[in-house]
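Enquirer: In case you want the letters, here they are:
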Amino acid sequence: MTRILLICHGHPELSIGGGEVAAARHAAALRAAGHEVLLMARAPTPPVHGGTVFATRPAPPGGAPADVLFHSPDYDHFLHSQRAKWAIYQDFRALLERFRPDAVHLHHFVHLGLELLREARAYAPRMPIVLTLHEFLAICHQHGQMLKTDGTLCARALPADCHECFPAIAPAAFFLRERFIKSFLRLADHLVCPSEFLRRRYLDWGLESAKLRVIANAPPESAPLPDAAPPEVLCRRFAFFGQITAFKGIGVFLDAAERLRATVPEARCLVHGTDRHGEPAVRAAFRERIAALGAQVSYEGPYRQDELAGLMRGIGWVVVPSLWWENAPLVIQEAFHHGRPVICADIGGMAEAVTDGRDGLHFRAGSAAALAATMAEACDPALWSRLRDGIAPTQARAAWLDAHLALYRHPPP
Amino acid sequence: MAARRREAPAPGGIDLACVAAGCLFLSGWLRAAPEDVVLAASAEGEDYVLPLTGACRVARETGGRARFLIAAVFDALPARLYFRLLDAGAVCLAVPPAANIMALRGLVAAQGEALRALIEAQPGAARRRLRAALDSLAPRPAVERIEAIDPALRLEITLCAVLGERLLLLGDLADPAGALRGADLCDPAGVPLPAGWIVQPEGLGEGPSAGAFIAVLPMAAGMLRLASGSALWHLPLRAEAGGEVPRRIAAFLAAADADTGLAVLEALSDGAAAPPPLRHAWAALIARLPAALDRADLGLHLCIDAAIGIPGGGLFLRGWMAGAPGGVTLRAADGACTPIAASWLRQPRADVAQAMRLAGESLAEGEPGFLCLAASPGAGPHYLAVSAGAAGVLRLRLPAPPCEPPLASIRTILTSFAPDHRGLGALLDRHVGPAVAALWAGRPPAPPPLLEWHGTPPARPLASLIVPLYGRCDFIEHQLAQFVDDAELRRCELIYVVDDPDIFDPARRLAAELARFYRLPLLLAYGQRNAGYAAACNLGAGLARGTHLLLLNSDVLPDRPGWLGALLAAYRRLPAPGVVAPRLLFEDGSLQHAGMRLVQQPGGLWANTHPGKGLPDTGSGSAQECDVLSGACLLIARGLYQQAGGLSEDYILGDFEDSDLCLALRRRGRRNWLLPSVVLHHLERQSQNAIGDTAWRAGLTLYNAWRHSRRWAADLAAAGPP
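Residue numbers (this note's numbering), protein chains in the order written: chain A, 1 to 413; chain B, 414 to 1135.
No lab work stands behind these hints, which were simulated from the structure alone.
Each hint should be verified, as a subset may be incorrect.
Below, simulated SDA-like cross-link-like pairs (lysine to any residue); rule was C-alpha separation at most 25 Å, straight line [what the hints assert, rightly or not]: (1) A/K148 - A/G278; (2) A/K182 - B/V897; (3) A/K182 - A/G206; (4) A/K211 - B/D899; (5) A/K182 - B/V1092; (6) A/K211 - B/K1026; (7) A/K182 - B/R594; (8) A/K182 - B/D899; (9) A/K182 - B/Q1055; (10) B/K1026 - A/R179; (11) A/K182 - B/A900.
Now the stretches of chain B that chain A is said to cover, found in silico as 3 or more residues with beta-carbon under 8 Å [to be verified]: (12) 926–937; (13) 952–958.
Here's a subset of chain A near chain B, in silico, CB distances under 8 Å, partners left out [unchecked claim]: (14) K85; (15) W86; (16) D91; (17) A94; (18) Y299.
Backbone N, C-alpha and C define an ideal beta-carbon position, used for all residues, glycine too.
Input sequences plus hints: build the corresponding full structure.
Expert: See below:
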């Protein structure tokens, strides 16, 4: 049995996102295998108790231990530094000494502070420290998306170019940011990359090759359900899953859906996901747009992870039209798990996860016309069935877990 | 001026004729025996005869002359007094009596006993009146007055006082007919003074006039000699004394307009070895002067933007002037003065030219701006006196010297001219340079530093890192984040020197937290002021215990561990090392520093340049000797640093002190080495940019370059062109 301190930048019950879901699955998988896990998740508010950053999140019935909430006191969103050092050398240190982990695994550092890495290292110089990288936040100040503020895709972060994206921030500041972040990242023994694409980006950025390893996100657990309709029907049903934000490509999807009405009137387009994170004006515009598109396009509202199987069985294609590179989108993993081929933008982590013509179709990123054409082409039961059959089986959870346990056992160099 | 006399030889003369309280007092002399003449007076067309016997006291003099003294009741004021010889009946001399009380007082002082004896010999009623008249003179303040009946001439001296080495004369003159023909000065014996007036009152003897007059006279003046159409007076000038006098002078100066008052004070003190103690009067008058001259009617404008007191004497003036007056003199409140228009440097002033255009005035040719370091004329407050030809002297007060720290004054001075001024050499050598140097040298002594150790420093540090902090303190964390995983740095002493009062508090909080979190001991030293890079380094060096010092900018970050060890090893290995410095790169990987080169600029000043700066970094190589190396990251043995006196604190806020140190070490026979194989990143001027104002930065650089060039001119010239 290994004692693992699992750290996440959000609590799975308090915020939704790929990292949180991955961490929750991670914890569940480790516990199911008999390991002791303490989940420390950052809570979205400042400290609630006097004299400590910690609070407790009681576990749901079923015997799992309670989670620890880290209420971040003073976070620097540029350097990803916890300014309140006492929260680290005092509170986090106390947690380490109390739990005495055999390994520390961070699903992200954002909102918590890179300092966690150094404190964990100071606590036990030979204890394995693992960090899963969920997007390019260490490299890119623009939400870690490497999508420039003018909407174009970014290939590498140079201080001078970053300054173009953020004219108020000097190039030297970006240089300092990089050096600062790297001074902490080099303390981790293993840097887990959910995609080869992301590994390559961090390798190019200068992280140590030997520490970077690709391990996919934890495989989903829910059992797939039988199809709700025959392929002739399903192949004309396209669904978008995800947060209703511009960089997820919702605009591209709706534009394509509009074009599709003319070419394939019987096609249906569904939008699943919360639109609560954007600005009210954006949400209103989105709702208005949906209403204007008529019956063929519908907004289905937010969904829970445990609803996915039921939602997937009624559609044929999952569309992932993100404008940014993506890392290893959970929705693609889910789609494949439920036997749904994916139509995705031909870039980054999406293009890596989906093989054009085998388990899905690519379209030119950002182009509604290209997506509409691809969707029209996809309204073909034979193609749908062939691509569905091309989907590789979901990775076994045991194999996934073993890959991580090897990291926790691996003696640091 | 000559008194008009009759052709015939005068039988006698009258020195004093004075009417007071209805009594006539006369003193004079006679050639003839008193029995032969009568004294006659005419009033309102009638003649009165005054017997010279009885009420007269006569004393014989040598040469047959006799002096007489008359005190008589004489109600009517005579228009004319004259002698009539009994035998011939000729009028010999005419003198209008006047109520010249001061002169009378002088008579009383000189011949009081004789007068009293004379009065006591008078009949009862006359005696009482004469006595009363004499008594009435005593308690009254000294007022001298001449009043004439025909013509209506009146002159009254209201004050005669000694001030310093001058006499100040105030009075009133009413001469509507212009009867006064002239006025001059005599010594107490009546001999005319060739030196004459210091300030000639306007209107005295120059036609009809009325009103107050003011005169400043030499101490030698004993009499004021006045001539009218038919008479000559001698008004004895006797200085008054007593507690009332200063009050009355002050009252006069307080009531006078500022120009008049200052003209008097200037006259009183001009050339005087001991100027009068009238500081308050000066100051009050100067305060009433205008702050600027705006005489569109004369085409003359003069405005002072700044007047800064320079320690050790001197005033730095910056302003502008339109029009060409005869001279501009800086004057002090104690009479001292310095002409400035001969030495000042003119400069263009686009703002002035534009303002004049807007006002519809054309600007005279030439540059309106000026700046000047004027030798100290004396104690403040100061003002300028401008000779404006027929318009006389115009005066304007200087702005009060700013009550500010020296650096603020330095800033004002260094931003008061264009860095490309055509006369930059003279401007720096004669005006700006000495002024700034004196201000900088005159800054208050350093207060004791505040020291805070966070964590326990190594017992015997390998080296002491000295990092001044200015503008921002977040660099501490960026450096610690790199130092912490370098074993060599853990054996060193970290000294952060706060050189910025604004960041001391945040730096303290940060240092305490960071030292705990990174487990790196560090010393935070605070000199309690912004003293500049050199002073901060020297403060840190004074606290250091390492055998070597590494001077390090806060925005220099190492690339990888091992850099300090490599520098230390090179220092031990290389011959006669002065300083050893690494190669420095910008954040984009281009070259920032691989040795500096001094290059002489067109104006003659030497500038530090960084050859290859901004270009792709072209590699490493072995140690190479350089004349001057950047102080951004510089290793030196502590003992050598102390022997050389550390970094020179003559440069303001940071510039050139590194090359100054390098050149000083070369003079000591040391060699300075660049170690290109050691590379650090330098985000050059990230902290200096916090200074903000580019004009201020440019001015500072210029001053420091000037200072550096003047100090090392011989060494640099000997080195020849690179």
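Enquirer: Could you work out which of the previously given hints the structure breaks and list their numbers from low to high?
Expert: 6, 7, 9, 13, 16, 17, 18
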